[in-house]
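Use the sequences and the hints to build the structure in full.
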Amino acid sequence: MKLIFLITLTFLLACTEGKKAEEIQEMENIIQSGDIIFQTSKSSQSKAIQLATDSKYSHMGIIYENDGRFLVYEAVQPVKLTPLSEWIKRGEKGHYVIKRLKSADQILTPDILKKMKLAGEKFKGKDYDVYFEWSDDKIYCSELVWKIYKEATGIPIGQLEQLSDFDLTQKAVREKLKERYGNDIPLDEKVISPAAMFSSQKLVTIQEN
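Its first residue numbered 1, the sequence shown is counted upward by one per residue in the numbering used here.
Hints listed in this document are in silico derivations from the structure and should not be mistaken for laboratory results. Careful: at least some of the hints might be erroneous.
[What the hints assert, rightly or not] Derived Cβ-Cβ restraints for the label pairs, each shown as a range:
#1 Leu187 x Glu86: 30 to 40 Å
#2 Asp105 x Lys171: 40 to 50 Å
#3 Glu121 x Ile30: 24 to 34 Å
#4 Lys114 x Lys89: 38 to 48 Å
#5 Ile185 x Tyr128: 14 to 24 Å
#6 Leu118 x Pro78: 16 to 26 Å
#7 Arg180 x Gly68: 22 to 32 Å
#8 Val204 x Asn183: 20 to 30 Å
Cβ coordinates follow ideal geometry from the N, Cα and C atoms, glycine included.
Structure, rendered in C-alpha cells:
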C-alpha cells in the first residue's frame, strides 16, 4: 500500500510540474521585454501592504528577455534579475498577472528598452528599502519599476501618493509601522504602491493565471 501511495504521489507531482512547465512555455510565447508582472508576496510585510493599499498584489518587477530566457528585474534583497519561472514559484500559489504599457509596440522600441535597462542598472545590487523612502540609496519593488519607466519613457505609471493616503488603521499595518518607524511615522513620504501601478489606466492585462 505504501509503495502504491509513493508511486501515485510521484506521478501526480510529475504531472503538476509538467503542467506548470507547459503553462510557462505558453506564457513565454505571449510576453515581451518591458512587461510588468505582479504577484502576492509571501514576505513578512506582504499582508500589511495588501491591507494598507486594499489590493492582493504586494510585489512586482519588469520582465526582460536575455538570450531567449525571460527574467524579472526586481527589488528584493538585493536588487537583481531572477529567472521568470523561479519568480513565479516564489509568489503565493504561483499566481501572477502580467500587464503591458498601452501602445508598447510603438513606445518600447529597442532603443527605449536599452534605456530602461541602463536606467535600472544603477540600482543593481542595492539594498531593499524597508522604509519606503523616495531616494535612490535603497529601493523597493514598485519604486524600481516606476523610476525605470519614468526615466526611460517619460511615462509615470500609477499615481504617486503619500503614506498618509493609505489605510493605516488595520492591526497588521499598525504593527509593521511601529516595527519600522517607532512613533515617528513619515506620513508625508512620497510613495508609489504596487496597487497604484496595477490599477493604472496606462497598462493592459495580457496574461494571468
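Problem - Contradicted hints - numbers only - result: 4, 7, 8
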